[in-house]
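*Asks:* Okay, here's what each chain looks like letter by letter:
2 protein chains.
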Amino acid sequence: MRIIDNLQYANWSEKIFRQMRAGGVDAVHVTIAYHENFRETVLNFEQWNRWFETYPDLIMKGLTAEDVDRARASNRTAIFFGFQNPSPIEDDIGLVEIVHSLGARFMQLSYNNQSLLATGCYEAEDSGITRMGRQVIGEMNRVGLVVDMSHSADRSTIEAAEISTRPITITHANPYEWQPALRNKRPEVIKAVTEAGGMIGFSLYPHHLKDKSACTLESFCQMIAEAAARYGAQHLGLGSDLCQDQPDRVVEWMRVGRWSKAIDYGEGSASAPGFPPMPSWFQDNRDFGNIAEGLRKIGMSELEVAGIMGENWYRFYQENFGAKA
Amino acid sequence: MRIIDNLQYANWSEKIFRQMRAGGVDAVHVTIAYHENFRETVLNFEQWNRWFETYPDLIMKGLTAEDVDRARASNRTAIFFGFQNPSPIEDDIGLVEIVHSLGARFMQLSYNNQSLLATGCYEAEDSGITRMGRQVIGEMNRVGLVVDMSHSADRSTIEAAEISTRPITITHANPYEWQPALRNKRPEVIKAVTEAGGMIGFSLYPHHLKDKSACTLESFCQMIAEAAARYGAQHLGLGSDLCQDQPDRVVEWMRVGRWSKAIDYGEGSASAPGFPPMPSWFQDNRDFGNIAEGLRKIGMSELEVAGIMGENWYRFYQENFGAKA
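Those protein sequence lines, which keep their order, are chains A and B.
Heads up, the first sequence is in our numbering, so the first residue is 1 and it goes up one at a time.
Heads up, the second sequence is in our numbering, so the first residue is 1 and it goes up one at a time.
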């Protein structure tokens with residue numbers, strides 16, 4: 001059984017890479033841009049190149065699904081890159097292929113706010129996919145850069161699923177009915193994405209969990225089982241949103257970047273501005289076994305468990321990371 | 001017999017791509033930066049991506065020697081990218097791997113002037129490879145970006161051949177004794193490059209030819225035969241420096257970029273500032289057959305001719321475009 005976590009943004013270190021190995025994690029999709037422009041994002045690619053050079057026995061760059069198997073065969077974790085914001089492509093559609101050549105495999109069309117491409121989930125009005133957004137979706141489809149709508153608004157997400165000729169994703173979020181967080185997704189949104197062949201990755205960020213940090217493993221797994229019944233287990237995976245070891249200034253960068261002089265607390269608050277503690281049963285990369293065990297305990301089949309733990313993302317990688325046939 | 005031209009900078013058009021096909025040219029190393037910084041060079045990569053998309057039946061992006069065969073098998077020309085100046089990596093060694101990921105396969109350490117890495121051939125003093133130059137050569141060796149010293153000064157070139165742990169190149173120049181142009185190379189320089197396993201590509205830029213535009217095919221081929229006897233035929237290839245259809249403002253950009261407010265005529269002069277006419281027997285990509293025929297006529301073996309027309313570059317590509325073993 002392959003284990004793939006389709007969203008992390010940890011404060012990367014040898015310790016964390018060793019925890020990936022200890023947890024048997026075959027692949028991780030890591031965020032390398034929140035608000036960075038193109039040149040700043042290139043610096044983040046460079047930083048990862050240094051990590052690949054420094055820790056060649058622990059991690060390797062992932063470009064294709066086959067790299068997951070190469071990593072597995074050599075006892076390493078394949079790292080796939082993604083952006084939570086289209087800021088790295090600036091206003092230049094030609095940068096879509098450029099960042100794909102550099103290894104980007106997922107890009108969110110917006111991050112909380114309105115972008116050049118789509119509306120973010122924190123805006124009061126959702127005007128849907130923009131003129132440039134339609135062009136960029138087409139270009140992303142052409143080269144094999146996957147549309148991610150995790151932080152986008154509902155109408156924009158549904159329109160993206162319609163416009164895109166290849167499956168799109170919500171890499172990290174949970175159903176809104178289970179935990180009514182602004183970032184969690186309503187049924188019609190999840191339906192639009194999964195019915196078009198797309199995937200949703202379930203988040204372990206406490207603000208996205210029922211009872212937040214106190215969420216039980218059983219409740220999390222029950223939520224997944226219900227989603228499987230409703231949307232089809234083959235469309236489900238994990239996107240833990242693990243932000244391990246990050247200082248609070250990083251959550252502030254995520255929330256306000258350079259776009260505001262005022263503080264915005266996002267899903268936090270003035271009294272709890274930082275990263276909330278993770279649930280006891282998912283502290284870091286060594287704990288994926290707990291989730292697999294939890295899914296088995298509530299009665300999911302071994303095939304469904306394997307799909308959710310990584311096989312579904314693996315198949316999605318196989319079909320969506322290359323140029324359009 | 002594979003035909004590879006290891007340096008062109010034409011004013012690219014469908015006409016020229018069709019001429020490549022008419023001439024049976026399997027691969028061309030094209031210059032995509034003279035003085036461009038990183039972001040400007042990315043725009044040039046983008047422009048090529050558009051051409052690959054627009055002319056998929058004529059050209060394809062080349063990254064490995066195998067791409068030459070893929071191009072051949074599909075009746076296309078593989079395009080390999082190079083820089084005539086290290087300006088695209090600015091002062092950032094991490095950009096070496098980034099530009100390699102984007103497809104760059106050759107980079108000159110200097111272009112006529114002193115650079116951050118090495119001295120150019122027009123400087124009065126040649127201080128050799130710089131501190132950063134040593135680091136960058138190591139990084140180029142690591143990732144498989146080939147050192148090109150075509151426009152560098154002699155001491156810098158000889159030092160680069162010594163410092164580099166992989167073969168280096170002079171992609172486009174001729175022997176100085178044959179035509180004493182500032183850009184042509186003295187025996188000790190060619191020797192340093194070829195004895196370290198490197199290659200020299202012979203130029204057809206008229207300022208590099210004996211009798212310039214009036215140079216005869218026989219004289220050009222005789223020069224190659226003498227170089228073969230002196231340095232070994234396996235180290236020789238073509239790097240035509242074809243600048244077809246370029247307006248004169250382009251040669252001005254090559255010569256002064258943004259570094260001077262005064263005009264510098266390079267190998268031209270105030271009375272002849274533009275591109276000189278090409279020799280009658282090499283007007284464009286359709287004329288490589290003339291060179292092969294000329295080499296046969298002066299008595300070179302079919303094996304030597306094939307090597308010079310492309311097989312030597314092909315073997316060099318096989319050994320030098322990948323990460324260090």
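Everything labelled a hint here was simulated from the structure, so no lab data went into it.
Quantities reported herein were computed from a predicted structural model and do not represent experimental measurements.
Mixed in with the good hints there might be a few duds.
[Said to hold, decoys possible] From the derived model, a few chain A residues whose C-beta atoms are all more than 10 Å from chain B:
| id | residue |
| --- | --- |
| 1 | L43 |
| 2 | G94 |
| 3 | G103 |
| 4 | R134 |
| 5 | G289 |
| 6 | G322 |
[As the list claims (entries may be wrong)] Coverage of chain A stretches by chain B, computed from C-beta distances (three or more under 8 Å per stretch; other residues unrestricted):
| id | stretch |
| --- | --- |
| 7 | 32-42 |
| 8 | 95-102 |
All residues carry an ideal CB built from backbone N, CA and C; glycine is no exception.
*Asks:* What hint numbers does the structure not satisfy?
*Replies:* The structure breaks hints 1, 2, 3; every other hint is satisfied.
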